[in-house]
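J.: Sequence:
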Amino acid sequence: MAKAPAAAGVFDLKGVSFMCAIAGIIDFDGRELHIDEEKLLETMARRGPDQRGAYRRGPARLFHTRLAVVDPEGGKQPFLLSARGGLALVYNGELYNTVELRNVLVGLGHRFEGHSDTEVVAHAYAEWGADCVKRFNGIFAFAVWEEERRRLFLARDRMGVKPLFFSMAEDRLCFASEIKTLLECPGVSRRVGREGLLEVMLLGPGRTPGCGVFRDVRELEGACCAYWSQTGWRTWKYWAPEDLDTAERFEDAAAHVRELVTDAVKRQLVSDVPVCTFLSGGLDSSIISAIADKEFHLRDRTLHTFSVTYKDNAKYFTAGKFQPDSDDDFIGLMAGSLHGEHHRIVLDSKDVAAALYEAAEARDLPGMADVDSSLLLFCREVKKHATVALSGECADEIFGGYPWYRDPSIREREGFPWAQSTGYRASFLRPEVLAGTDPVEFVDSRYRAAVAETPALPGRAGLERRMRELMWLNLRWFMQTLLDRKDRMSMWSGLEVRVPFCDWRIVQYLYTVPWAYKDWQGREKGLLRQAMAGLLPEEILWRKKSPYPKTHHPAYLEAVSGMLREVLDRPGAPLLDVVRREVVEELLADRSHGAGSPWYGQLMARPQTIAYLVQVNHWLEHYHIELV
2 MAKAPAAAGV
12 FDLKGVSFMC
22 AIAGIIDFDG
32 RELHIDEEKL
42 LETMARRGPD
52 QRGAYRRGPA
62 RLFHTRLAVV
72 DPEGGKQPFL
82 LSARGGLALV
92 YNGELYNTVE
102 LRNVLVGLGH
112 RFEGHSDTEV
122 VAHAYAEWGA
132 DCVKRFNGIF
142 AFAVWEEERR
152 RLFLARDRMG
162 VKPLFFSMAE
172 DRLCFASEIK
182 TLLECPGVSR
192 RVGREGLLEV
202 MLLGPGRTPG
212 CGVFRDVREL
222 EGACCAYWSQ
232 TGWRTWKYWA
242 PEDLDTAERF
252 EDAAAHVREL
262 VTDAVKRQLV
272 SDVPVCTFLS
282 GGLDSSIISA
292 IADKEFHLRD
302 RTLHTFSVTY
312 KDNAKYFTAG
322 KFQPDSDDDF
332 IGLMAGSLHG
342 EHHRIVLDSK
352 DVAAALYEAA
362 EARDLPGMAD
372 VDSSLLLFCR
382 EVKKHATVAL
392 SGECADEIFG
402 GYPWYRDPSI
412 REREGFPWAQ
422 STGYRASFLR
432 PEVLAGTDPV
442 EFVDSRYRAA
452 VAETPALPGR
462 AGLERRMREL
472 MWLNLRWFMQ
482 TLLDRKDRMS
492 MWSGLEVRVP
502 FCDWRIVQYL
512 YTVPWAYKDW
522 QGREKGLLRQ
532 AMAGLLPEEI
542 LWRKKSPYPK
552 THHPAYLEAV
562 SGMLREVLDR
572 PGAPLLDVVR
582 REVVEELLAD
592 RSHGAGSPWY
602 GQLMARPQTI
612 AYLVQVNHWL
622 EHYHIELV
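For the sequence shown, the positions run 2 to 629 when the working numbering is used.
Some clues are possibly wrong.
Straight-line Cα separation of at most 35 Å, DSBU-like style, residue types lysine-lysine; simulated pairs [as the list claims (entries may be wrong)]:
id: 1; residue 1: K316; residue 2: K238
id: 2; residue 1: K135; residue 2: K312
id: 3; residue 1: K40; residue 2: K238
id: 4; residue 1: K546; residue 2: K267
id: 5; residue 1: K77; residue 2: K40
id: 6; residue 1: K312; residue 2: K77
Beta-carbon label-pair distances, calculated as ranges [unchecked claim]:
id: 7; residue 1: W237; residue 2: S410; range: 33 to 41 Å
id: 8; residue 1: G211; residue 2: A46; range: 38 to 46 Å
id: 9; residue 1: L109; residue 2: R449; range: 44 to 52 Å
Treat the hints as calculated values from the structure; they're not laboratory data.
Don't be surprised by glycine CBs; every beta carbon is placed ideally from N, CA and C.
Input sequences plus hints: build the corresponding full structure.
T.: Next up, the structure:
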């Protein structure tokens with residue numbers, strides 16, 4: 002496999018600050034804080050291995066670690082600005098409209114010393130206050146401490162791509178990019194209550210928006226801001242997709258989609274370091290790769306694309322409803338249509354099983370089993386060649402790509418369409434874990450609450466109403482699980498992954514598009530396919546959807562079964578305080594156990610259920626969790 006040249010993907014635009022980790026403690030009590038700063042910063046090291054910074058003034062402590070690839074000096078954090086009585090900023094993310102914002106701010110009298118978007122965020126907050134987030138096109142989580150007002154501002158991007166957790170106790174607020182960092186803050190315990198445990202066992206790897214699972218941990222939701230001061234906590238949502246009537250013709254809608262997607266991809270190619278794309282041979286990644294390839298070719302650059310597969314997978318692959326064909330031939334076809342260089346990453350199934358532990362540590366929670374661990378290993382290999390990758394998340398959510406959009410038997414069913422196995426899940430739980438809780442009601446109450454929040458015009462009814470409900474559910478729930486997966490696995494590996502289809506302008510536009518357009522010619526993502534006509538080979542353009550590839554090798558099932566057997570045979574294994582041993586034994590012994598009841602989504606069948614339980618045990622053990 003050829004190594005990507007050091008200059009691959011360098012564009013002449015500036016202004017993007019790369020991925021980081023942020024944390025902070027604001028304590029108005031005046032007590033002396035006993036913080037092991039070195040230990041706290043160490044939990045942030047993988048997200049930012051190159052630079053560390055701290056701010057200590059009055060009641061505020063801010064911490065930052067950085068992957069320094071753009072403007073190493075000007076982008077150092079915490080970033081201090083004297084405007085408005087003094088501002089201190091810690092920021093994780095990137096803005097894709099940095100140049101436009103800087104020009105506006107310069108016109109308003111602001112002066113810049115560097116070219117990082119960190120500096121733009123600080124000046125934008127100084128100029129517009131909390132409303133600055135409404136002007137941002139990007140992915141971010143950041144905190145601003147106002148020295149004079151003694152007030153903290155927190156914000157997260159519209160789609161919730163970059164993470165942000167917090168904990169409150171009396172006069173103290175702690176926040177961090179990841180739960181592992183928050184657990185090192187004073188007063189934040191490792192206790193998980195019954196409701197948090199039921200989140201893991203009945204909803205996981207999904208989570209109720211805002212839930213941090215740990216009793217003392219909450220998550221600032223996407224598209225939300227908050228203030229913390231001596232007067233208390235105030236939070237609000239600054240954006241949600243707006244339902245609008247449109248009289249736009251299908252042809253015009255297709256042209257607009259092509260324009261929006263192309264612009265989003267081009268904006269996200271901006272980088273001073275090697276940029277690549279993930280290429281699965283499916284529609285979404287192929288679109289991104291094709292647009293990127295054109296841009297690279299115009300600049301006499303070589304685009305490097307990467308795919309993942311598994312050793313001997315072709316030998317054991319079995320076509321099914323959700324995976325109708327193997328990716329290999331389509332990857333080769335698509336890669337051959339580009340000017341770039343393709344890299345095929347082959348993973349060993351036993352390594353994928355072994356990485357389950359590390360994947361749970363990266364996410365701080367049990368995750369999507371081998372769907373997580375394989376991505377972690379894949380990102381680690383990609384990192385050897387590039388620092389930034391573009392990926393196709395969010396296209397299925399907004400263009401109607403999942404089976405539950407088009408299959409009436411699933412679409413019209415009450416409940417989360419990707420979580421229809423509540424009874425099966427509950428069968429594993431010890432009675433004292435449920436403690437009288439109705440598991441179906443536990444899950445369905447969250448479904449009903451989410452549906453009730455659906456942005457919809459008054460009088461919107463029938464199929465159009467239902468499709469907006471499904472899109473909203475997917476944006477608020479299913480997509481968040483995938484974004485958590487992508488952020489944690491990639492950042493654990495030192496790779497930044499960008500998601501062009503999460504551009505809020507695309508999401509907003511697709512929320513208004515009639516379902517008939519998305520279902521054009523009776524095909525999933527029909528509008529997107531028509532919009533990209535001529536860009537891709539026809540075989541790719543009209544290929545039936547196939548999800549992220551998973552291993553079919555029997556060695557994986559053998560490996561995870563052995564790992565779960567070791568847990569069952571070990572006295573004191575914490576999993577045994579949660580699950581009924583006899584049901585887990587049945588899972589290991591019966592190959593048909595749970596058939597037709599995936600643990601989550603489309604991909605988590607029996608091998609992944611076994612792997613998930615392995616991750617649950619490791620999570621309980623590794624994080625020294627106290628169940629209360």
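J.: Would you list, in rising numerical order, the hints stated earlier that this structure does not obey?
T.: 1, 2, 6 and 8
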